[in-house]
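**Q** Each chain, written out:
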Amino acid sequence: MKKITSKGIKSLIRNNLVTVLFLVICSIGIPLSGYSPSYLISEIIVRLSRNSFLILSLLIPIMAGMGLNFGMTLGAMAGQIGLIFVTDWNVVGIPAMVLAIIISIPISILLGQLCGRILNKAKGREMVTSYILGFFMNGVYQLIVLYGMGSIIPIKNTSLVLPRGYGIRNTVNLIGIRRSLDSLFNLSIFGIKIPLMTFIVIALVCVFIVWFRKTKLGQDMRAVGQDMEVAASAGIQVEHTRIVSIVISTVVAGIGMIIYLQNIGTLNTYNSHTQIGMFSVAALLVGGASVSKANIGNVFLGVILFHLMFIVSPMAGKNLIGQAQLGEYFRVFVSYGVITMSLVLYEMRKKRENLANAEKLQENQGALNED
Amino acid sequence: MKDKKIPLLEMKNISKDFSGNQVLNDINFSIQKGEILGLVGENGAGKSTLMKILFGMDEIRTTGGYGGQVIIKGEVVNFNSSLDALEKGIGMVHQEFSLLPDFSAAENIVLNREPLKPSIMSELFGDRMNSLNRDEIDAIAKTSIEKLGISLDTSMKVSSMPVGHKQFTEIARELSKDAKGETNPIELLVLDEPTAVLSEKEADSLLIAMRKLAKQGIAMIFISHRLNEIIDVCDTMMVMRDGLIIKHIPIEGVNVQDIARWMVGRNVSNSSKPREFDYTDKPTILDIQKLWVDMPGETVKNVSLEVKKGEILGIGGMAGQGKLGIPNGVMGLYQSGGKVVFDGKELLLNNPRSLLDAGLAFVSEDRRGVGLLLDESLEWNVAFTAMQVQDKYLKKYLKGFMTWRDSKAIEEVTQKYIDQLEIKCTSSKQKAKELSGGNQQKICLAKAFALEPKLLFVSEPTRGIDIGAKALVLESLRKYNRELGTTIVIISSELEELRAICDRIAIVTDGKIEGILEASKPSEDFGLLMIGQKVEEAI
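As you go down the protein sequences, you meet chains A and B in turn. Reminder that position 11 of the first sequence reads as 11 in our numbering, one-by-one numbering, no gaps. Reminder that position 162 of the second sequence reads as 162 in our numbering, one-by-one numbering, no gaps.
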């Protein structure tokens, strides 16, 4: 470990400003909310099991130098379509989840291919392109779910369909699969329930990501992420590698959405997916990731800090000014704020590094001249 | 030379032209196993084109191929890419590093040729899901580094390496390319200015490594501007000039002065007389002290330079030595530091606007990028900067609360320069991108002239334009200087062009001013400065 100096601490804070800011917000918010530690811990565990999988889907595109994949929304849509079908077919429990995942994967692959190809046309502007692509695909999703289902695509279960005869209702009750994964193996420590199976699944994805980094494909992605030209001149198929990274991300996001929704228990047909990309990206950034660098630790730290703020802010707001809406307001405001701030800080850090390099060059030269 | 044996590489009657412009003319040479051939020549002498032909680069094929034959071990070859060349055991070490900064030396050396360990997933999803065999990667890297006879930590990240180690990593990568036995072992390496970015010590160890490789039977073509290195390490040397081989001789008995003379010594008669202008008693208008500029590929390290009022000063030197960095740094287009005093006032660096306000103007070498608004009319291009910076060509209403463009004044001034500079266009409303390169260059000049600067930087004013346009551009610069007394600093790679128009010429080598000579001095003197040899009577 490096020796801790005041300069070291300063640069540590400067490089992790967003994380530090959240630590400060949470440490003020927790006493204000008046929640007990055991309540907070059990809430955090729920959020960890619910969101981690989704956020893990962001890691691989970052490795391939494509920034934060807002296109994970596409995977979320695929997952939701899978869930609608299994609900219609009255499948329940773990088989239902597996079936939903099986349905979602081909859709995710298809959407991921599309997204990857489009992003290859927009090199260097992947983030804004994938963000807007999410909005566009939302339109296609609505077309299919709101008009296609029940008319072209057969839906038998009338409780799913709008009274007019086609289109899926605003909310779908996922009673058949609610908590089916979470309650498979339940562990209770000091009265805090831990959904062990969900965490095992999350751990498996983490193992996959760690292993993936060591494969040839992972190595190629890291190479492409650093310098596309150098990678191409060494014979790596740059475009294909980038598409694969987006496809993997989309598939993982689709499965993540199914895990997320089995925990929540109801599907908000037209809203669930829209903000998931933004909240996931924000959580990852809060965990200390940047556009070009993210690891598994960032995911868990991000979920803990970001959701801790969500948990405590309504109560803190109520105790402070008598209004619980503050929390809801915070949620959206802070998410956008975090993303903006991280992006700005990232650019600033890059500029500072360039400047430091230029100065170092100058110093080296000075040393050479003195020789 | 051992003439009896079949040479490793022979290039026979090679010629190449780019749309009528002959760049290589009947080139013949051969290289034996384990021979180090030094290749020297000015920029534009044809060295890089020759190497591109050897490696079968796209650029050559898309411009109509080449004449003559490339023969490797008695067999005529015609490569389609550098990967083909590699198969025959010919590798290239590039001038700019193509390394990945966050990868270790070993990872870079085996990039995309990593040895793999099979895994279950690869049965399902193909070879790319195999995991990397770290031990073997390290072993390959170590063997190829051993061939170089240097010590290099294979696990060190490239971003934290000194430049010399980066260069070694590149060479080791070329050497390792036969490790899997899929290609022939490397037998010929082309090193394109490998020492340009190295310190003396690093360069020395590179030369030692080269000799070691030669003993193992690897032949090398060594391109360098540092002539001492050529003399130190090579067995034979070849001087190219204007697409011809001027000399191809064993290195024994050759000295630096000879090579310099062969490189630049033209038999051209100097037709245009240098003008009579006595700058010695003129005041200093621009005083640059200890300037450094972080411009990629053109780094300026430490430049101090005085420019006298009213003179035309030339800045020359080889490409990549930093001459282009000087105007770009002073004008704030790249990060720079040091002290620049203009007309008695110190300038704020890294702030293009304040520099324009002070009365400096810059015609960039990057015409299409920085110089022109390609999609706008000529009028806009000529008047834009003057409008922005000096509030020219504007009509003011309501006591300056509202300003409108004065289209008539803009049209007039554009027309004036179109006539003056003989710009070929349909009208002043034509779009800039529709003009030819030479005429675009004239528009860039007109734009700078419209600012009526006190000092004008002109960077590579004749690059990529034909001879007729060249003369006109140079003449208009001269005329502008004569009539308005504007101080002009011209940066150009073409020494003869500078000698024709300038009063004094400063030669930049390795990011520093190597010396300043009067334009009337013989070109050999400039040649020596370019390769870093001080001339006694430098001013």
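It is possible that some hints are incorrect.
[Said to hold, decoys possible] Pulled a few chain B residues facing chain A out of the computed Cβ check, cut under 8 Å:
#1 L116
#2 I120
#3 R128
#4 L132
#5 T385
#6 V389
#7 Q415
[What the hints assert, rightly or not] FRET-style restraints, in silico, Cβ to Cβ:
#8 A232(A) / E87(B): 35 to 45 Å
#9 D102(B) / S27(A): 33 to 43 Å
#10 I9(A) / D84(B): 51 to 61 Å
#11 P106(A) / V163(B): 46 to 56 Å
#12 V163(B) / L355(A): 46 to 56 Å
[What the hints assert, rightly or not] Derived BS3-like pairs: lysine-lysine, alpha-carbon spacing no greater than 25 Å straight-line:
#13 K351(A) / K290(B)
#14 K12(B) / K293(A)
#15 K215(B) / K88(B)
#16 K308(B) / K433(B)
#17 K157(B) / K351(A)
#18 K166(B) / K350(A)
#19 K350(A) / K293(A)
#20 K214(A) / K431(B)
#21 K47(B) / K290(B)
#22 K431(B) / K399(B)
#23 K214(A) / K12(B)
#24 K73(B) / K33(B)
#25 K214(A) / K157(B)
#26 K282(B) / K308(B)
#27 K12(B) / K47(B)
#28 K193(A) / K121(A)
#29 K396(B) / K351(A)
#30 K166(B) / K293(A)
#31 K351(A) / K166(B)
#32 K350(A) / K215(B)
#33 K339(B) / K214(A)
Hints listed in this document are in silico derivations from the structure and should not be mistaken for laboratory results. Cβ coordinates follow ideal geometry from the N, Cα and C atoms, glycine included.
**Q** Run every hint past the structure and note whether it holds.
**A** Hint by hint, here is what the structure shows:
no., hint, result
1, L116, "holds, 6 Å"
2, I120, "violated, 11 Å"
3, R128, "holds, 4 Å"
4, L132, "holds, 6 Å"
5, T385, "violated, 26 Å"
6, V389, "violated, 25 Å"
7, Q415, "violated, 41 Å"
8, A232(A) / E87(B): 35 to 45 Å, "violated, 19 Å"
9, D102(B) / S27(A): 33 to 43 Å, "holds, 34 Å"
10, I9(A) / D84(B): 51 to 61 Å, "holds, 55 Å"
11, P106(A) / V163(B): 46 to 56 Å, "holds, 50 Å"
12, V163(B) / L355(A): 46 to 56 Å, "violated, 20 Å"
13, K351(A) / K290(B), "holds, 23 Å"
14, K12(B) / K293(A), "violated, 52 Å"
15, K215(B) / K88(B), "holds, 20 Å"
16, K308(B) / K433(B), "violated, 36 Å"
17, K157(B) / K351(A), "holds, 21 Å"
18, K166(B) / K350(A), "holds, 22 Å"
19, K350(A) / K293(A), "holds, 13 Å"
20, K214(A) / K431(B), "violated, 53 Å"
21, K47(B) / K290(B), "violated, 33 Å"
22, K431(B) / K399(B), "violated, 34 Å"
23, K214(A) / K12(B), "violated, 48 Å"
24, K73(B) / K33(B), "holds, 10 Å"
25, K214(A) / K157(B), "holds, 17 Å"
26, K282(B) / K308(B), "holds, 6 Å"
27, K12(B) / K47(B), "holds, 15 Å"
28, K193(A) / K121(A), "violated, 47 Å"
29, K396(B) / K351(A), "violated, 39 Å"
30, K166(B) / K293(A), "holds, 24 Å"
31, K351(A) / K166(B), "holds, 24 Å"
32, K350(A) / K215(B), "violated, 45 Å"
33, K339(B) / K214(A), "violated, 50 Å"
In summary, the structure is inconsistent with hints 2, 5, 6, 7, 8, 12, 14, 16, 20, 21, 22, 23, 28, 29, 32 and 33 from the numbered list given earlier, while agreeing with the others.
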